[in-house]
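Read off the chains here:
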Amino acid sequence: MNTSIRRRAFAGVLALFAAAAALFAFASSNSTTLANGAGLKPAQTGAGETLLNGKRGGTLTVYDSEDFEHLDPGESYFALDYEVMYATQMPLFEYLPNNTTVAAPMLASGPAVVTNGGKTVTVHIKPDVHFSPPVNRAVTSADVAYAIDRGANPNVANPYFQPYFGDIVGAAKATGGPIAGIQTPNSTTIVFHLTQPTADLLIGALSLPISAPVPESYAAPLDKDKPTQYGTSSEVFTGPYMLQSTASGKFLGLGYQPGKSATLVRNPNWNPKTDPAPAYLNKININIGGAAQVIGLQVLKGSDSVQNDTPTNANVELAYTKYYKQLYAVPGAGDHYVSLDNAKGPFTNVNIRRAAYAALDRAALVKIAGGSIVGEVGTHFITPGSAGFAQSGGNAGPKYPWNEYPDGNLSVAEKYMKAAGYPSGKYTGNQVLTIVQADNGNSPEEGAVVKDAFTELGFKTKLVLVDQSVLYAKYCGVPAAQVSACPSVGWIRDFADPQTILYVPFYGPAITPTNNSNWGQVNEPAINAAMVKATFVVGAAARAAAWAKIDDMLVDQAVAIPWIFDDQPNIESGNVRGINDLWDVGEWDYTYTSLDNP
Amino acid sequence: MSAQASLLGPEVSLGIAGEDSGDIVARSPTALFWRRFRQDRVAVASLIFIVVLIIIAVAAPLVVKILGLPGPYVQNLNLTNAFGEPLGPSGAHPFGVDGLGEDIASRVIYGARVSLEVGVIGTGIATVIGVLVGLLAGFYRGWVDTILSRFTDLVLCFPTLLFGIGLASACALKGCLGGSIQPGVPVIIAVVVIFGWTYIARIVRGLVLSLREKEFVEAARSLGASDARIMFREILPNLLAPVIVYASLLIPVNILFEAALSYLGVGVQPPTASWGQMIADATPIFNIAWWWMVFPGAALLLTVLAFNLLGDGLQDALNPKAD
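These protein sequence lines are chains Y and H, in that order. Each residue of the first sequence is one higher than the one before, starting from 1 at the first, in the numbering used here. Each residue of the second sequence is one higher than the one before, starting from 599 at the first, in the numbering used here.
Just so you know, the hints here were simulated from the structure itself, not pulled from any lab data. Hints should not be assumed to be uniformly reliable.
Dumping the calculated DSS-like pairs for lysine-lysine here, alpha-carbon to alpha-carbon at most 27 angstroms [as the list claims (entries may be wrong)]: (1) H:772 to Y:462; (2) Y:224 to Y:250; (3) Y:460 to H:663; (4) Y:260 to Y:273; (5) Y:173 to Y:226; (6) Y:415 to Y:460; (7) Y:426 to Y:399; (8) Y:260 to Y:226; (9) Y:549 to Y:533; (10) H:812 to Y:460; (11) Y:462 to Y:344; (12) Y:283 to Y:273; (13) Y:283 to Y:344; (14) Y:474 to H:772; (15) H:772 to Y:344; (16) Y:426 to H:772.
Construct all of the structure, not just a fragment, from the sequences and the given hints.
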């Protein structure tokens, strides 16, 4: 190459670089950098919003970088799926958007009736709810029975069937056929017979999508496929909206294009007299894909749209400082904690777990997650707004030395390392801790903080970043992977009962070889026994007390390190009157959301 | 001694040394090379940049200490604002900090280590393998050539980046081959080596096919030289110039490859500082924390540019006929 040409090219590149740097510097001078520290005005929480003063009409655009997992009411178990489920289906009970404690009758015509010492539950359903085309007929109690029966079908494999419906007579061995303990004496009555007095838990679970009616004549042929094609390619609906479908009920390729979009339109057979939801919107277009940062800017600066993903910290900051009324931070949105491998390695020693708990700078993790707007330092596992939260210490949490220092305290940590048999206060063994964390969002930084805490205790550590899609499927949810710690596993309650927060992630016998949600393989006999006992406690207050005690035991044993009580940030365009489902991590409720100028 | 003059060997060539004196002075090929190279100021500047970069990388702890910077892994969340966003350049942190409050300048300096390790070590091993394969294939021809060349073609068919992502992911937790390939830099070097040798092997094979017919090879053979001697003492020295040029151009490619893998999250694992990973981490908030992306990006750009310009300069100096 000619030298002078090359030199000019070199100079050109430098000039370009200088120009780019100047541009970025200029941009930064306009950016907002808030001072460090507390005292920020809280964001709106979405609580207390008027639900019924919206305007009818218009199309809402929903931006969502993530795709759905399941659109079948029998399979869905993901917050994004739930948004569509509760807009398109009518479970027996449902929480209104601004109510986090009591589920209202939805398909049910009134509250569930408990008899036989808590072993029988009877529910009556509304007679004039109809399925969408092509089924069209009125819903009967047999449709609800089939919806729950199919939860045990291996082709449907409902993920919460056994924990919540397993006590129904015959459910333990059910494989999709009729369950003996579910009876339908007439077309508007369904009766559940239980093997144990666990009616409270069952009634709570009847607010989940699995209780939405499914017509056997339509779904049974589809349920023969593995996985079922009901909810995968075709489905019928009972809610105000439905996935745009063909005349035969097929929505795949029309109302839902995987990885691209979903379209909700009005259900022509929906009867507003049977449903308290106003259903203001005419249509909801859900765009799937894109980067959360870009999506957030589109929403904040655009119109008629909301973001479904958690906004980036930068967009939360932008919304807070410039679009305050378009930002909600909904409390009670679950918690996140560091799972510790209780089954193998150094964390089998309770004092090492306590030391790790004490050493971790939980306040730093909250800051990385976005600061006080998006959460408070976690001090136990039952989340704010849930029964049992106050009884197990409220925001301060149970009083244990390792739980007293949100910023971490190395001297306390070293005290427990010494108690674990390391006189220097530092780990001197040769086991390497493997920390596995997702590689997206704030996760790498969260992993680095956890790694730093373990390193301070003398551990050799290996931080492995993996794609979010395999984090649980291959690592944190697979005991054989022998992951020492997963820094950011989280749990959201299924409904307003503290058992739904603690049972699955910490009950030893619930450990499974794959898809394991007891990530730390916690299997403490005393805790297991307490959970079994608490399951049979009747009455909301008594249940709250019983599960709060278990919460305390979990912190005492330092089975994991809770670090944040999440407040879910959500952003909307200026002309959107978005309504958040406070019971469901603040996800948008399409049946109440409206536009200012449709 | 080689039967034909090596380009960089000790043999004497004729060159015009002093224009004023008019004397004809013998100059070695190395001297001729250096004379041509130093006239190319861009190449010399690139060489100086690379040398300085290597010194900085090797002496990173000392450099960071001299500059009064905190270490690359010192987290300080007080250097982030109330929303967890990092603060920009200041006197104490001239390049700003990242999301953990880690000093960007310090991490850029340490990041040079990873880039150079992958670039130099990976390219070095790949070059050795490529030269060996090319030598054997070109020299023996026949079935040896067929097997080695088809194998080379086979490796060339692999989508390198996809394979790199797959291998890096597969080896992420416990390493590969019984732990002999550990996650992080070793995996990346392994990928670079596995795929990097093929290009050099092809070039060397072509050159050897030509060189093996030259008179000096015939002469060596007639004197009873063994195949190994002919290959490594007669032919190999004549390959050094193109191999050096090609290797110098392969280094920036491999540096970019490491940056790409780290950007995709399957390369160097945190908290180890890597330019590609820093750029990836900064991407979601590029419009707020520009410094997090610009400084590692600039380091990457300048390093790759310097190696490319050096490669061009070496090409011009070692092979003037091609200019």
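Results of checking the hints against the structure:
no.: 1; hint: H:772 to Y:462; result: holds, 10 angstroms
no.: 2; hint: Y:224 to Y:250; result: holds, 17 angstroms
no.: 3; hint: Y:460 to H:663; result: holds, 25 angstroms
no.: 4; hint: Y:260 to Y:273; result: violated, 34 angstroms
no.: 5; hint: Y:173 to Y:226; result: holds, 19 angstroms
no.: 6; hint: Y:415 to Y:460; result: holds, 19 angstroms
no.: 7; hint: Y:426 to Y:399; result: holds, 25 angstroms
no.: 8; hint: Y:260 to Y:226; result: holds, 24 angstroms
no.: 9; hint: Y:549 to Y:533; result: holds, 12 angstroms
no.: 10; hint: H:812 to Y:460; result: violated, 58 angstroms
no.: 11; hint: Y:462 to Y:344; result: holds, 16 angstroms
no.: 12; hint: Y:283 to Y:273; result: holds, 20 angstroms
no.: 13; hint: Y:283 to Y:344; result: violated, 52 angstroms
no.: 14; hint: Y:474 to H:772; result: holds, 13 angstroms
no.: 15; hint: H:772 to Y:344; result: holds, 16 angstroms
no.: 16; hint: Y:426 to H:772; result: holds, 25 angstroms
Of the hints listed earlier, those the structure fails to meet are numbers 4, 10 and 13, in rising order.
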